[in-house]
Each structure stands twice: as structure tokens, then as C-alpha cells.
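Number of protein chains: 2
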Amino acid sequence: MRHIMAARMADIEPFYAMQILARAKELEAVGKRVIHMEVGEPDFSTPQPIIDAGIEALKKHDMHYTPTIGIAALRDSIANFYRTRYGADVDPARIIVTPGASGALLLALGVLLSAGDEIILSDPGYPCYRQLVQLLDGKPINVPLGADTNYQLSAELINAHWKARTIAALVCSPSNPTGTSIPMAEMKKIVDVVTAKGGQLIVDEIYHGLTYGEDSDTALNITSDAFIVNSFSKYFQMTGWRLGWLVVPDAYRQEAAKLAQNVFLAPSTPAQYAALAAFRPETIEILEERRKEFEARRNFLLPALRDLGFKIPVTPTGAFYLYADCSAFSADSFAFAKDLLEEAYVAVTPGMDFGIHAPEKHIRFAYTTDIARLGEAVERIARFVGK
Amino acid sequence: MRHIMAARMADIEPFYAMQILARAKELEAVGKRVIHMEVGEPDFSTPQPIIDAGIEALKKHDMHYTPTIGIAALRDSIANFYRTRYGADVDPARIIVTPGASGALLLALGVLLSAGDEIILSDPGYPCYRQLVQLLDGKPINVPLGADTNYQLSAELINAHWKARTIAALVCSPSNPTGTSIPMAEMKKIVDVVTAKGGQLIVDEIYHGLTYGEDSDTALNITSDAFIVNSFSKYFQMTGWRLGWLVVPDAYRQEAAKLAQNVFLAPSTPAQYAALAAFRPETIEILEERRKEFEARRNFLLPALRDLGFKIPVTPTGAFYLYADCSAFSADSFAFAKDLLEEAYVAVTPGMDFGIHAPEKHIRFAYTTDIARLGEAVERIARFVGK
Chain X
1 MRHIMAARMA DIEPFYAMQI LARAKELEAV GKRVIHMEVG EPDFSTPQPI IDAGIEALKK
61 HDMHYTPTIG IAALRDSIAN FYRTRYGADV DPARIIVTPG ASGALLLALG VLLSAGDEII
121 LSDPGYPCYR QLVQLLDGKP INVPLGADTN YQLSAELINA HWKARTIAAL VCSPSNPTGT
181 SIPMAEMKKI VDVVTAKGGQ LIVDEIYHGL TYGEDSDTAL NITSDAFIVN SFSKYFQMTG
241 WRLGWLVVPD AYRQEAAKLA QNVFLAPSTP AQYAALAAFR PETIEILEER RKEFEARRNF
301 LLPALRDLGF KIPVTPTGAF YLYADCSAFS ADSFAFAKDL LEEAYVAVTP GMDFGIHAPE
361 KHIRFAYTTD IARLGEAVER IARFVGK
Chain G
1 MRHIMAARMA DIEPFYAMQI LARAKELEAV GKRVIHMEVG EPDFSTPQPI IDAGIEALKK
61 HDMHYTPTIG IAALRDSIAN FYRTRYGADV DPARIIVTPG ASGALLLALG VLLSAGDEII
121 LSDPGYPCYR QLVQLLDGKP INVPLGADTN YQLSAELINA HWKARTIAAL VCSPSNPTGT
181 SIPMAEMKKI VDVVTAKGGQ LIVDEIYHGL TYGEDSDTAL NITSDAFIVN SFSKYFQMTG
241 WRLGWLVVPD AYRQEAAKLA QNVFLAPSTP AQYAALAAFR PETIEILEER RKEFEARRNF
301 LLPALRDLGF KIPVTPTGAF YLYADCSAFS ADSFAFAKDL LEEAYVAVTP GMDFGIHAPE
361 KHIRFAYTTD IARLGEAVER IARFVGK
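Respectively, the protein sequence lines represent chains X and G.
Under the numbering used here, think of the first position of the first sequence as 1, with each following residue one higher.
Under the numbering used here, think of the first position of the second sequence as 1, with each following residue one higher.
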């Protein structure tokens, strides 16, 4: 048969981190001890209460399809979490449980974007945003961000980049890859400017809970008119279960559910029952301990990398990433990442995974490994850059 | 904020079966005993060996992300299943494990369809095909099918409906909603005509294993150049786990994996480990027993409905559906389905879920309930239609 390829595929890029990971595994296969700082998932296992709830569910339930938008008990638990943690009142009818934040993003973008529509994204930013927009034949507007706005979109930037075909903006706070957040005062202005433009706003809160020295607030406390993405993957450390959720504005409930029905049928049954235990006090206790560990890692790694000559002008306060300017050592961050792996056995993610704005100057370090290993990584990097 | 809606949403329809199901639940809530024949999933629970493997996995593994295309052990097991059950030699590197057949379809359509491209589909057919095509801004060509071609696409029909913008055809054998299959000789001709047209072919084999009086053969024994969709949901009865797979032609491996990376990240970790037990002899033994039970149900229900005056001109040999012409009783099958539910408490799916070709004449019965209940359903329907 003829080789037919959808036009969009030329624009959808692979994760370069995967190339690094594949090479790292080759090196490990020949006995090298690689330190992994390229992986965007917590190194911790899923907390035991969640595992136990999963096992109980497998014993008790038949594992049939659940309703498309998720079981009522879980949507109620999520609404209750918004109430107790944020003081936000969210109607469970607005919550759609999805296969990961990826599923939530696909739904939100799917109901909003017509072919050719533009959406404002941060650059650097999470690569899948751009790729999902392109899957739907929309057009990502990658706004170059720097230290002056904490590597975050602002109301001013959104206003400046909004054009005739722009229909929405997507912000992520705390951000991947920079770990920086949008202050609530700024988020309020963003809501106002998007409203004034007659557009829609998607807020990705997937790294909520993983903040250091501050607590995240949800955009739901500003507006019930935005799409809010979240997940059980990061703070709740359920990556492999593939479970997230989307809070939709009231007017989009039926359409988003209709799309979910057709694209996913339903989220994972065992994952949903397991996730019921995610909000229990004994689970939250484990998660808050681990949050402290992440904070300790950041507090160790950030000054160590700055001392070596990496430029990290804004102190990241969330997620588990440091986005570092490595131009003191190389004009090509992809080559730098590859050499660092080949020569020092430290795996990091090259900037080109996160956008087109100065990717060659940046690499991302994930502190998803313990402090002893991070210490060893710093030593290896020091030798590699000749310090 | 302004109410923005993607243009595609107007074309994407909900499952009308869901309206029936919702009303059925209301009736049950006020004490009515509804017989459910609208549900497209096996009534059996996931086989115990699979449940046990899931529990073991939760005890043993950390539930982190797996590789995007799935764990090697599962892809090897699937390849081995093709070898032992079908005598087909499939390179595991061509197998991508996905979140259900839904995920497999999204990947296949995503790498093939550019905006505006046409794809040939069967009408009646599984509704999500059309909706996923529309999600990707492609155009479904719904070919009206009748008893003369077993309610299946044929090489001749594909040839007749192929136009300048057509790039692919999608066939499903055995079919939802008709339970009919495409003979291998015809499948060979379909491959030939699609090849001659310079197009691509997607074959949905999700109901494989659930055939009665015959065994399914896979299109992989005809060509390694088509996209083959399958799932752990139906024959393996793992619906709620959301796990399926896609076999891609060699030339699409990297692009399909790239898309999977961006849309799903990875399939469910617990589901993958559980599914390793799906191919074990003790599981297959359970599944083959259940297959006999489905066959007994079909053998009971098919003549009973024909006796009542439903027209089912082709004997379905697979899946768990009977697609019946109910025009002897009503000129509006949706109204018929609603009345049948309100008055006889029997839930069925109206034809409008499956296409635009004579939906008002048809309803789908799913025999996903035991023979005693099916017998009661037949009695209720008989009273309802005045027999």
C-alpha cells in the first residue's frame, strides 16, 4: 500500500528526552551507572494506601466500564479536595475523570479548537501542548518567555500575542520545565484579558501540591469559566495508572462528555477505585513527607548548579525541574546533553523538547532522584565542565 | 468568557444508547426491573487469573510509566498469540499497546488523516469511527450496507465509493452492530483494491475470538501492510482496564509511537501486567467456556426474535449483537426503543447510533445477559408488540 502520512505528523515532534533515555539504557546495558535526571515522573512508588485500595477494588468489583465521566464517588472526592484544600466550591458535575492529564488536555482542546484556530502557549513549555494542538489541526502560538516574567505567560504577553484567529490561551502553573508559578494576582489579570478578548483559558495545575515555601491556589477561586487540568500522576504519584481530571465550565459539560465518550469510552476502572484512597489523611501524610524531600533536593541542587556556572535566574518554587541556561559551556544544548551522557553518565533533557525559544541554550534537570545521587551527579557534571 | 465551540463538535454525536441507559437507571431507581440489552460489553467479570496477575503486579511493581508502546513482555505475548492462534508471524516491534481499541483507532487515524481527507466506513458501523475521523477533521464516507453484502464492506463497494480525496478504508470483522464477518477471500480482495487505489486499510478485529461455528482469521495473514486494531476488552473481558493494541505497518512504527507519546504518554501499567495473564491456558479455558455461553445465547435469541417478526436476514456469526429490522412494528426505531423501555422495561440500542443508512428501521440487541433474562426479555417484547 502507498505510504500516506497525515500532514500534521511532520509538525509533531518526538520527545528528545526519549532519545537520551534510550541511549542511557544502552549504556546501562553495558554496565555504566547512569544518573537519571531526564525523567519527568516522581521516583517514589504509588503510596501504599492507594495500592491497597487498588487491590481491594480488584477483589471486589467486576472491572466493567464506569460512566464516561468517571464514578460519582471519585468526582465527589475531587470536589471535596477542592473544598478542603483550596476553599473552592466545585460542582462535581463539572468534573470529568480522564486518562491522565493528557486525556484532559485532549478534551479541552478538542471542544475548543477548530482547524486553523490559534492558541497561545508558553515557550518553553510542556511539549505535548503543541503536539495536541497540531493533532487537532490548530496552530500553537509559542510565546517566548524569559526571566522577566518568571518564564510564565502574563496578561500583557497574552494581550500582545492575541490575533484574529486566536481563541484561547493555555497556562501551566507551576510550570514544566521551569518550575515557576503564576501569582494569583497575575492569574486574575490573565482571566480578565482572555475574557476581554472573547477567548477561553485552559489552566494546567498538574504540579499543584508540589510547591516549596508556598501553597498553590487554584484558578477555580478566580473563575468558574476556565478549563482546569489536573492529574493523579505527580503530587499523588500515580503516573502509571493514567488518571487525571478536567474541570469544565458549565456550558461545556455535555460537549466534553460527548467527546470523552467517543475518544476514551471511560477512564480506567481499577485506577479510579484506587484513586479514592488518594485523598485520605494517611495518603496525604505520605505525600507531604515526599514533598519535603523534593524541597530538600531543590535546595541542594539549585545552588550547586548555579555554583558550577549554570544560569537559573529565577528560583523555581514548584514541580521537580530546574531549567538551566548552559550557554557558558556550549552553544548547543542537545550536543551538551549527549556528551554529558556519553562522558559523565548523567542524563538530562535538552531544551529543544520544550519549544523553539532559545532551546540550544537550555537543559532541564529533573530532581526525581535522591540527594545522594544528585550529589554524585553534581560531582560528575563538575568534572565534565572542568570545574 | 465567550462560548467558543470547535466546529467539529456539531458533527460529533452522543451515543443514544447512553440516553437509553440513563433512562433505564431512572426506572431502576424507582423499582422497575430493567433487562439490559443495550450494553456493548460482556456481562462476565474479568477472568480470575487476570485479576490475580493484576493484584500481584500491584504488590510487586512501582506503577511508574512504562515505555510508550508498552512493556516488551506484553508485546511479545501478543506476537506469540498471533503465532499460536493464527499462525501469523508478527514482529513485536510493530505492536503498540494502547488505551483500549479507542486509543489504537485514534493512533491509526491520527497518522493517516490530514484535514479534509476521506475515509470509507461501513454504515451501519461502530459510531466512534465516524466521531474520531471528525475529531481529526477528516471526512467519513458512510457506505450504506445491506444483507446482500452481509452488512459488510466489500472490495466492490470500496472501489465504487473511492474518490479523489479518499485515502483509506476501515473495516470491522466481526462487526458491531451486525455480528457479521468478512470472509478471508473477500478481505484479500479488499486489500488488493485498497492497494490498487494507493490507499491504506484499517481492520478492526476487536470481536475476534467471539465467533460461533467458525474461527476468525486475521488480516495479518494476508498483508503486513494494514493497520490492525484489537483489544483486551471483548474476548478477554477486560473492558474497564482500558487496554488494546495496534499492529502498524513497518513504515509507520516511528510516527505512530511519536503520536502515542504525545497523546497517551503510555498505556496503563497495572492493566499491562494483568494482561500478561490473558494468554495463559487457564484463562483461555475460561474464555472459551464463555464463548460457548455467548453462542448458546445467540442460538436462543436469534430464532426467538425472528419468530416475533424482527427481520434479521443474515445469521450473525460473531460479537454479541443482533441488528434487527423492526419496521414491522414501528417506522421510528428510536421511538420504538424508548417505548420498549418505558412499557416493557427492555433496553435496546436504536439504529441511529450506528449511522445514517435506515437507522429508523433498526435496533441492536446485545446478548450480554444470561439466557434466563433473555427469555424474559423475549416474553416482554412479545407482549409489547402484541404477540
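Bear in mind the hints are in silico, worked out from the structure with no lab data behind them.
From a predicted model like this one, the values you see are computed outputs, not experimental measurements.
Treat the hints with care, since some could be wrong.
No copy is singled out in the list; a pair is fine if it fits within one copy or between any two copies.
Claimed, not checked - Only pairs whose alpha carbons sit at most 20 Å apart, straight line, appear in this in silico EDC-like list of lysine to aspartate or glutamate: (1) Lys60 <-> Glu41; (2) Lys387 <-> Glu293; (3) Lys188 <-> Asp225; (4) Lys59 <-> Asp43; (5) Lys188 <-> Glu295; (6) Lys139 <-> Asp117; (7) Lys60 <-> Glu343; (8) Lys292 <-> Glu214; (9) Lys25 <-> Asp62; (10) Lys25 <-> Glu214.
Each hint, compared with the structure:
no.	hint	in the structure
1	Lys60 <-> Glu41	between (30 Å within a copy, 19 Å between copies)
2	Lys387 <-> Glu293	neither (28 Å within a copy, 72 Å between copies)
3	Lys188 <-> Asp225	within (12 Å within a copy, 53 Å between copies)
4	Lys59 <-> Asp43	between (28 Å within a copy, 17 Å between copies)
5	Lys188 <-> Glu295	neither (27 Å within a copy, 61 Å between copies)
6	Lys139 <-> Asp117	both (6 Å within a copy, 19 Å between copies)
7	Lys60 <-> Glu343	neither (51 Å within a copy, 34 Å between copies)
8	Lys292 <-> Glu214	within (12 Å within a copy, 61 Å between copies)
9	Lys25 <-> Asp62	between (38 Å within a copy, 19 Å between copies)
10	Lys25 <-> Glu214	neither (36 Å within a copy, 45 Å between copies)
In the structure shown, a violation is registered for the earlier hints numbered 2, 5, 7, 10, in ascending order.
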